[in-house]
Every structure is written in structure tokens, then in C-alpha cells.
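These protein sequence lines map, in sequence, to chains A and B. Numbering follows numbering that gives the first Met the number 0, in which position 49 of the first sequence is assigned residue number 48; successive positions increment by one, without gaps. Numbering follows numbering that gives the first Met the number 0, in which position 148 of the second sequence is assigned residue number 147; successive positions increment by one, without gaps.
Bear in mind the hints are in silico, worked out from the structure with no lab data behind them. Values in this document were obtained by computation on a predicted structure and should not be read as measured data. Even glycine gets a Cβ: it sits at the ideal position worked out from N, Cα and C. Take the hints with a grain of salt, since some may be wrong.
[As the list claims (entries may be wrong)] Here are the simulated EDC-like cross-link-like pairs (lysine to aspartate or glutamate), alpha carbons at most 20 angstroms apart as the crow flies:
1. A:K22 x A:E64
2. A:K144 x B:D200
3. A:K144 x A:E180
4. B:K301 x A:D137
5. B:K301 x A:D99
6. A:K144 x B:E205
7. A:K106 x B:E205
8. A:K22 x A:E58
9. A:K20 x B:D100
10. B:K201 x A:E164
11. A:K216 x A:D30
12. B:K201 x A:E58
13. B:K201 x A:D137
14. A:K273 x A:E295
15. A:K79 x B:E205
16. A:K241 x A:E251
17. B:K268 x B:E49
18. A:K106 x A:E58
[Stated by the list, open to error] Here are the in silico distance ranges between beta carbons for each label pair:
19. B:P112 x A:R74: 36 to 46 angstroms
20. B:T96 x A:E33: 31 to 41 angstroms
21. B:D200 x A:A171: 51 to 61 angstroms
22. A:R74 x B:T96: 16 to 26 angstroms
23. A:T117 x B:F296: 33 to 43 angstroms
24. B:D200 x A:K22: 21 to 31 angstroms
25. B:A302 x A:L357: 18 to 28 angstroms
26. A:E319 x B:K201: 24 to 34 angstroms
27. A:T121 x B:M110: 44 to 54 angstroms
28. A:E251 x B:D200: 55 to 65 angstroms
29. B:D200 x A:D120: 21 to 31 angstroms
30. B:L23 x A:K22: 58 to 68 angstroms
31. B:E143 x A:G15: 53 to 63 angstroms
32. B:T96 x A:S347: 48 to 58 angstroms
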Amino acid sequence: MADSDANTIVSLNNIGKHFGKVKALDNVSIDIKEGEIFALLGPSGCGKSTLLRIISGFENPTEGELLLDGKDMTRTAPNKRPVNMVFQSYAVFPHMSVADNVGYGLKMDKLLVDEITTRVDTALAQVHLDQFKHRMPDQLSGGQKQRVALARALVKQPRVLLLDEPLSALDAKLRDAMRLELVKLQETVGVTFIIVTHDQSEALAMADRVAVLEAGKLRQVDTPTALYNHPVDAFVADFIGKVHTFDVQHIERQDNHVRVTSDELGELTLPLNKLPERISTGAQVNASSVLAFRPEALKVNLANEPTASTASTETNQANEIQLPGFLGDIAFQGQHSIVEITRGDKPSVSAIVDHSSLSALQTQPIGTPIVARCALSDLMLLPAQ
Amino acid sequence: MSLENYRQQPAVFAAFAAPTLIWLLLFFIAPLGIIWLYSFGENVSLVDIETTWTLDNYARIFQPEVLVLLWRSLWIAGISTLVCLVIAYPVALVIATAHPDKKPWLLLLIMLPFWTNLLIRTYALLNILGTRGRLNDVLGWLWETTNTLLTKFGLGEFQLIGESFTPLKFLGTPGGVIFGIVYVSLPFAILPIYSSLERLDKSYLEASLDLGAGQWRTFYHVLLPLTAAGVVTAGIITFIPALGQFLTPDLLGRGQVDMIANVIERQFKRANDWPFGSALSLFLLYITFVLLAVRSFYDARKAHRS
Numbered sequence: 000m001a002d003s004d005a006n007t008i009v010s011l012n013n014i015g016k017h018f019g020k021v022k023a024l025d026n027v028s029i030d031i032k033e034g035e036i037f038a039l040l041g042p043s044g045c046g047k048s049t050l051l052r053i054i055s056g057f058e059n060p061t062e063g064e065l066l067l068d069g070k071d072m073t074r075t076a077p078n079k080r081p082v083n084m085v086f087q088s089y090a091v092f093p094h095m096s097v098a099d100n101v102g103y104g105l106k107m108d109k110l111l112v113d114e115i116t117t118r119v120d121t122a123l124a125q126v127h128l129d130q131f132k133h134r135m136p137d138q139l140s141g142g143q144k145q146r147v148a149l150a151r152a153l154v155k156q157p158r159v160l161l162l163d164e165p166l167s168a169l170d171a172k173l174r175d176a177m178r179l180e181l182v183k184l185q186e187t188v189g190v191t192f193i194i195v196t197h198d199q200s201e202a203l204a205m206a207d208r209v210a211v212l213e214a215g216k217l218r219q220v221d222t223p224t225a226l227y228n229h230p231v232d233a234f235v236a237d238f239i240g241k242v243h244t245f246d247v248q249h250i251e252r253q254d255n256h257v258r259v260t261s262d263e264l265g266e267l268t269l270p271l272n273k274l275p276e277r278i279s280t281g282a283q284v285n286a287s288s289v290l291a292f293r294p295e296a297l298k299v300n301l302a303n304e305p306t307a308s309t310a311s312t313e314t315n316q317a318n319e320i321q322l323p324g325f326l327g328d329i330a331f332q333g334q335h336s337i338v339e340i341t342r343g344d345k346p347s348v349s350a351i352v353d354h355s356s357l358s359a360l361q362t363q364p365i366g367t368p369i370v371a372r373c374a375l376s377d378l379m380l381l382p383a384q
Numbered sequence: 000m001s002l003e004n005y006r007q008q009p010a011v012f013a014a015f016a017a018p019t020l021i022w023l024l025l026f027f028i029a030p031l032g033i034i035w036l037y038s039f040g041e042n043v044s045l046v047d048i049e050t051t052w053t054l055d056n057y058a059r060i061f062q063p064e065v066l067v068l069l070w071r072s073l074w075i076a077g078i079s080t081l082v083c084l085v086i087a088y089p090v091a092l093v094i095a096t097a098h099p100d101k102k103p104w105l106l107l108l109i110m111l112p113f114w115t116n117l118l119i120r121t122y123a124l125l126n127i128l129g130t131r132g133r134l135n136d137v138l139g140w141l142w143e144t145t146n147t148l149l150t151k152f153g154l155g156e157f158q159l160i161g162e163s164f165t166p167l168k169f170l171g172t173p174g175g176v177i178f179g180i181v182y183v184s185l186p187f188a189i190l191p192i193y194s195s196l197e198r199l200d201k202s203y204l205e206a207s208l209d210l211g212a213g214q215w216r217t218f219y220h221v222l223l224p225l226t227a228a229g230v231v232t233a234g235i236i237t238f239i240p241a242l243g244q245f246l247t248p249d250l251l252g253r254g255q256v257d258m259i260a261n262v263i264e265r266q267f268k269r270a271n272d273w274p275f276g277s278a279l280s281l282f283l284l285y286i287t288f289v290l291l292a293v294r295s296f297y298d299a300r301k302a303h304r305s
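Here chain B stands alone, though its shape is the one from the complex:
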């Protein structure tokens, strides 16, 4: 029996598929179903929730303070994704065009951070981004050096770069949170772009150069359009987890740059409002569905055109 037609043997197929199906059913579908029921429920006591099919929990999403949070989650995730793509494309290009012997090592470097616990990595960022962190140390040193140089050239009295160095605030600002999200998501953005570059027939680029386009115009007219699918995949794969980021805004945002996941967490813990938390969770899921639907709609239209 060949590997392909195992599907025609129901018993064999069941043996292969059952563990995964049971796992999915028990630990994914069932909890999701419970959350779905909760989202139509009301707290009747401290611990009991009764499903009354009320739509109140969903209506509460549209109150201004929640909408502000949703909007913030969207733009922070959006900007993080853009920054990721802008950094990821050149990195992917370098790896794709590297010598074949070096490629596995460069890819390993990209994957390396995954082997460290996310919590540890985020705490490391706290150390770097803090008011007295490493990044401010470097900026302070740069300020001192510039100031000494300016004084040497007799420009010290004009205070061109301020009277003294004021450490920049990264923690508790959207900038800090975006930095953290970009740091965590970057490998997810690099890999799909890398694989689309890797698959690309290099003679398209040579043809463009041969026809009189320079490197930049070749990038814009040929390379970018031909790897657009990889960029879109990288964008989606970065944006969706970024939208639901919890740890990064929690630690780097210092409670001042809450995103939607932080609010959801609060409903399940401090606020003890599981029905509203469930409704918010599912709402986030719906946004994801809409994004994926838009994507497959475009794919289908493209496939239809050709």
C-alpha cells in the first residue's frame, strides 16, 4: 500500500487521525465551546455563570473605553508589523543570496532566540530599555562624547544638545511595547519572506537588469511584486499574534499601554467577569477570521484572473 492511498482504508486512517482529533476536541474545541457559552452568560454568584443568551457582553465591547483599547491594539500591532516587514525583507534577502554553505548558520541565528524562554527574553528587554538601562547608557555615552567634542571646538557654551543628558523613557510607552513586539515577531516575518525569495527564479532579476533597469528599479518592479505573497504571509503571521500580545505590553508597557489581551486577562482574574472576558476573546478571534477571509478572497480572485 502506498503512502498516498492510506486514506481509502478507514481503519488505518482513523488510527492515524484519531489522536490528533481527540486532542483537538478535548483541549481546543471543547474549551472554545465553553468560552462561547460563557460569552452569552451572566454572573449569578461569585463562581457560577448562567447562560442566558444575553447579548450584553458583546454590546459592552462597543463602549468607548474598550474601543480605545481595541483601536490601540490594532495600531500597535499594525506598526509593529510594518516595522517587522521593513527589517525582515533585507535580512531575508541577505540570507537568500548568501553562499549555500552559510545559509543554515544564518537561519540558525534567526531561530536561536526561540530556544530561550519568552519571559526571560522580555525581562532582558526590561534591563535594556529601562531608564537606567543599557540603551540609555549608550545614548548617555554618545551625549557625553558629543558634548566633550563640542566643548573642544569652543561650542560648549551654546548648549546645542541640551544642558545635560535626560534618559529617554521607553518603558510604559507605545514605543517600548512596539520594540518588544518587533523583537519577538521578527523571525516569523523573516521566514516566509525568505522562503519566497528562495523559490524565486533568479533569471527574472537578471532579465530586469539586462533590459536596462538598475538595482532599485529591479527591486521595485520585479523582486517585490514577485515575492508579494511571502510579504503578505509574513504580515498576517506577524499581525495576528501581535494583536493578541499579552506579556509584552504587560511587562514593557507597565500597565500604561494596555492592549486588548491585558483587558481580557483582567476580566478572568481581578474583575472576575468571565462572560465579558469570553465575549472579548471571541471578538478578537472574529477579527482574525475576517483578516484571513479577506486574504483568501484576494487569493481566490488572483487565481481566478489567471
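So that you can see chain A by itself, here it is in the shape it has in the complex:
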């Protein structure tokens, strides 16, 4: 663990949490850096919310330790931690005005009335709620309540701001606006944000780094681009965006390349760097694996149409895989379209196609034979689990 790193603000070391016989978290270690937006991402029940509640102090871990600013706070009461939380339900006190809600934490810190007023005004200005100071919460919209919750947490000048599914209760349009605004707010105040979300697009769009959790285990911590382009396994690849996978029967490591045999894709020779550490250490290859590619890696052509690659079959064949199939539905998405390629009794695949390639396909009836190609460099070899 890099807990000597001066930059680390939250250090989760081997955190485990058991609820009776259920292991909600299993040996999770993450270091979160000062000033970053960090997302805890995973499907529901993966333990991400429990992890957030351990950082805020509402749950105590069964195992492991939590360091905040280098100090052990594993069992410190929530009101004694330099972190504040924006709750999923916002939890804006319904019996207090907006200003009283925001000032509540400062009142609890026994600050002078004048200072409370000044800081509340500043915090409300930050979230553009200066006009709503004297309103009661039931006169506010969902988005405004969330701003109150944000201001109420930020006014305490926490070292870390925890946000539990901050956008899930907002409607789609407001969600996109609030996403941007949260990132801008974080840039202004400079506080470390830890965001819990089940929405991968939200995590990828907002966070500097993302931790992917599944069934209480940490799968991968990385930047959004690294997660997308270099997922550590099939679960992460599938959770971060869409991916098509093909079972692999045999992997053989040779001098400077890997030979991969798949029933569907045939025998392929991949460069050595495609072989992840988790599949093989040394010459022994035993973990069950899959070959995977993302829909945007597929190029779609009509079956009889000559392409650059078929023109010089001998030289290029080894550089790509070909999936013959039939044209299925085309879903228009604006800048691009999603083309479905049906393959008889095999699972169909989809390809993301831009306007220029689309025009040739659009005129064809459904069921026209087509070929989808994927460059070997776009293939990923991943552990199945």
C-alpha cells in the first residue's frame, strides 16, 4: 500500500464487512488522492454503498483499517470525522429553512452567528441558491433540494465530500446538467469527491479515477480511459460499456506471441502484450479466458463488396477476424447508428457504424449477407472471471 504517499487522503486497507453470513465487502484496499473525483462503481449489492458508509462512519468494518489524512479513523464516530455526505434522498431537514439547513452543521460546531451567516451565504451562492435562503424544503424542486444538501455539506469545509448516487433521483435532462455542474463545483472548491454510482456513463464522465466493485470484491481501479481500453477481466469490460465475448478453448504462449484457439474465431496469433498477467504467469496458461471486442471496433461490409483487406487477402488476413452474418435491425442514434448482425443460431453482434458506411447498408433489405471485421489489435484477451 502506498499509504506513505503524501497525496493520499483516504486509505482503505484490507476492508472487510460481514452482515451475518453475508460478506458485503471482502479485502478491499483503495487509496484515494487529494483533490480527485473518485467514483465507486458497481451493480447494486456490490458493496459500494457500504464502503461509502464505512468512510462516513455509519458502518464499522469487520476487518481492515481506514486512514483519513493518515490518521486511523476506522472506529471514529461520524460526527468526529472531517468528511461530509450528500445523501441519496438528500435528507434536507423538512422543518428548517434552506439557510437553517445549511447552517445546521456550523451551529453544531458552535460557531458565532455572524460567521455562520457569512459562510451560509457563500455556500448558497456557490450552488446558485442565494434567492432561496428563506424557503422551506417543501417549496423546492428535487434539483434545488440536492443543491441545499450540497451546500450543507460543503459549508463545513470537509476534507472529503461523499456523494451517494447523487444524480439518480433527478430526471434525465437535469442529470446531465448537474453532472457538469458537480465537476465544475469540485474544480472551484478543490475538495476530494467520492461518488457512489451504479451508472457507468456517470462514473466515466465525472471521475478522475474509478473503482469497479462486484460482489464485495474490488475488480479494478483506474482512469476511465484505462478501464475502457484495458479492462482487467470480462466483468469490467462488460460493465464499462458494451462488449462481445467469445469463449477461448486453448492458449499457448510462444516466444514472442500467443496462439489463441477459439471454436468460433479459429486460431489467432496475438502479440505477447495481449496476454494479461492474470491469465498466465510464465509458460503455464490455465485460467479460463475470453476474446472480446467492443461494437465500435467492428467494420461492416456487404458480403460481396470488395474492400481494402479482401483485395490483398494473403497479407492482411492474419491482421483481422471476420464474422459472416446477415443484416439485422439498424438503430439510428444521431451521429452514428447501431447495426445488428444476426448469425443464425449463434448470438448476434452489434456494430457502431458512422454515416458514410451506413448509406451502403441502409438500402439493403434485412437478411442481406454481410461481413463484420475486427482488427486483431482491437481484440482483447481477458480472464472470464
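Starting from the structure of chain A, add chain B where the hints point.
Okay, now just chain B, sitting in the frame of chain A:
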């Protein structure tokens, strides 16, 4: 036809509503009307009452001996209600925060006394609160033990806790009556508070802790204000029946702590003064109406503000 629009079918609606309406009319509205007429009447013979629209019966309520009784009923009911609320809140909190598997059992424990006849429960209290009752037995044992200990430490000669144990008098004192009323009313106080705690979003409490308040300040600034409606309901639901308590002051008060209901009973029986009894009964009802009106006034004002 859905369940909601049965009201648009007059025949169906009548079929549903009629039994209740007839029952209410025959056994509630009609007797109340008779009592109302009696309250403006005069005894003309031992058994006959003539409605003369006199206001004498109401005027008699304001004579000092009746006012004393009314005042006593009010403060005994008031203190009983306060004691109930103070005991009920923590109990309700324990049930509301208990493990979901245990909740039904804890609620059952609260409801259990209801399944025993009120008279039997009150007689049981007589046995406990009597001069030679169980409570005094325990207090006497405590006195003996303390006295033996003091003697052992050579302090016996100072008589620090008195020369001998004198049993405390509970029966025939307001304390005994309040004890009885609290015992009978407690479930009525617990349940509304429990249901308001149960409905409360727990993240309000977590938010308060998160913002730096301790458990006590969270209770005072967040939990109590957010469950105030439940507490008020519990208070009203306890206070109104307590005000009209008859059996408890009769048995535990030994005729020395009469409340207004005991006087009403006497008018209908020994005093054979039905008109005055009727006027007193209705007066009690009016007090209740005023309380409920005040409550809905506050509710309406609160609703208007938000």
C-alpha cells in the same frame, strides 16, 4: 366496478353505509340527544324529568366544589399524559429501531394488557399499591437491607433512614390514581409515537450526525421536531380518555381523589339528579371538542404555512 367508485352507486353505497349509520343513530346520536335534552331539564318527581330549557344545570358547574373537581381532573389527566409521553417515547424508539424480526413480538407485548379485562387489571393494581401490597413489600425489603448494611458499617445508631419502615400510602392519593391512569393509557401513547418514528426517513438522523451533532442534539434538533405530530396525537389520545377516567379514580382513589366522571356517576345514581349529570357529561364533551378544535387549528396553520 372498481372499489373506489362504489360511492357513485347510491344503492350500493347505502347497503354499505346503512348498518353503521343506523347503529350510530340508535345507540349514539339518540342517547346523546336525550342527554342533551335532560341537561336543560328539571326533576319534577323521583322518576320524571321535564325539559324546561333552564340553564341552571350548566350554571351549577361553576360552583366552587365542582370547579375544584374539574381542575383536579384536568391536572391529574395532564400529569398522567406527560408521564405517559416521557415513558412512551423511549419505548417507541426501542421498538422502531429493533430488528425487523423482533418488532411484531415487541408490539404484541405492548398490546397484551388489552386482552385482560380492565377491572381485573385495576384490582391487580390494588394488590400491588396497597399499604401491605407488593410495592411496599419491595420498599420494606430495600429498607431492611439498607438498615442492615448501615448497622454493619457502624452507622446504625444515627438512624439515617428512620427508626423503622413506614409503608407508603399510594391508594387514595393522586399519585396512586396517576399511576393507574398511566398504566392503562401507556399503549395508546406508545403506538402513535411508534408509527411516526417508523415512518421517519433514517437518513435525517444520519445527516444530523454527519454534520457534527451528537446523539442528544440529534434527538433534540431533528428527531423530536420530526416526530412532533406523533407526540401530539399520543398526547390527545391519552389526555381525553384520562380526563373522563371513572374506574381508576373510583378504585385506586378510594373516593378521596374523585375526578369529574365520579361526580357524574353519582348524579345518575345516588344523587338521582340526571339533569345536572347530563350537563356535566356534555360539558366534558365540550372540553374535548375545544381540544380537538385547537389541534386542527394548529394543523391547518401549519399546512397553510408550507
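Structure-based check of each hint:
With a CA separation close to 17 angstroms, the supplied pair A:K22 and A:E64 stays within the 20 angstroms bound. Distance restraint check for A:K144 and B:D200: the Cα-Cα separation of roughly 15 angstroms lies within the 20 angstroms cut-off, and the hinted pair is therefore satisfied. Note on A:K144 and A:E180: the hinted pairing holds, with a Cα-Cα distance of about 15 angstroms set against a maximum of 20 angstroms. A C-alpha spacing of about 12 angstroms is found between B:K301 and A:D137, which places the hinted pair at or below 20 angstroms, so the restraint holds.
Between B:K301 and A:D99, the direct Cα distance comes to roughly 18 angstroms. Compliance with the 20 angstroms bound is thereby established for this hinted pair. This hinted pair checks out: A:K144 and B:E205 have alpha carbons roughly 17 angstroms apart, not beyond 20 angstroms. Using a Cα cut-off of 20 angstroms, the hinted pair A:K106 and B:E205 holds, with the two alpha carbons roughly 17 angstroms apart. Taking the CA atoms of A:K22 and A:E58, the gap is near 14 angstroms; set against the 20 angstroms cutoff, the hint holds.
This hinted pair checks out: A:K20 and B:D100 have alpha carbons roughly 17 angstroms apart, not beyond 20 angstroms. Our distance criterion of 20 angstroms between C-alpha atoms is met by B:K201 and A:E164, whose separation comes to about 17 angstroms. Among the hinted pairs, A:K216 with A:D30 is consistent with the structure: their alpha-carbon atoms are about 15 angstroms apart, no more than 20 angstroms. A threshold of 20 angstroms between alpha carbons decides the hint, and for B:K201 with A:E58 the separation of about 14 angstroms falls inside it, so the pair holds.
Proximity of B:K201 to A:D137 is assessed by CA-CA distance (about 18 angstroms); at most 20 angstroms being required, the pair is judged to hold. For the hint pairing A:K273 with A:E295, the CA-to-CA distance comes to about 19 angstroms; that is within 20 angstroms, so the pair holds. For the hint pairing A:K79 with B:E205, the CA-to-CA distance comes to about 13 angstroms; that is within 20 angstroms, so the pair holds. For a cut-off of 20 angstroms, the pair hint linking A:K241 to A:E251 is broken: about 27 angstroms separates their Cα positions.
A C-alpha spacing of about 18 angstroms is found between B:K268 and B:E49, which places the hinted pair at or below 20 angstroms, so the restraint holds. Between A:K106 and A:E58 the CA atoms are separated by roughly 25 angstroms; this puts the pair beyond 20 angstroms, and the hint is violated. The hint said 36 to 46 angstroms for the Cβ distance between B:P112 and A:R74, and at roughly 41 angstroms that hint holds. Between B:T96 and A:E33 the Cβ separation comes to about 37 angstroms, which falls inside the hinted range of 31 to 41 angstroms.
A hinted range of 51 to 61 angstroms is violated for the C-beta pair B:D200 and A:A171, which are about 25 angstroms apart. Restraint check, A:R74 to B:T96: a C-beta distance of roughly 21 angstroms satisfies the suggested window 16 to 26 angstroms. Against the hinted window of 33 to 43 angstroms, the Cβ-Cβ separation of A:T117 and B:F296 comes to about 39 angstroms, which satisfies the hint. Distance hint check for B:D200 and A:K22: the Cβ-Cβ separation is about 28 angstroms, which falls inside the suggested range of 21 to 31 angstroms.
As the Cβ distance of B:A302 to A:L357 is approximately 58 angstroms, the hint placing it in 18 to 28 angstroms is violated. Checking the proposed 24 to 34 angstroms range against A:E319 and B:K201 shows it is violated: the Cβ atoms sit about 56 angstroms from each other. Remark: the range hint 44 to 54 angstroms for A:T121 to B:M110 is upheld by a beta-carbon distance near 53 angstroms. The hinted window of 55 to 65 angstroms between A:E251 and B:D200 holds, with their beta carbons roughly 58 angstroms apart.
Between B:D200 and A:D120, the C-beta spacing of about 28 angstroms keeps the proposed range 21 to 31 angstroms intact. Taking 58 to 68 angstroms as the suggested C-beta distance range, the pair B:L23 and A:K22 conforms, at roughly 59 angstroms. At about 55 angstroms, the beta-carbon gap between B:E143 and A:G15 stays in the expected band of 53 to 63 angstroms. Distance hint check: the CB atoms of B:T96 and A:S347 are about 52 angstroms apart, consistent with the given range 48 to 58 angstroms.
Of the numbered hints given earlier, the model fails hints 16, 18, 21, 25, 26; all others are met.
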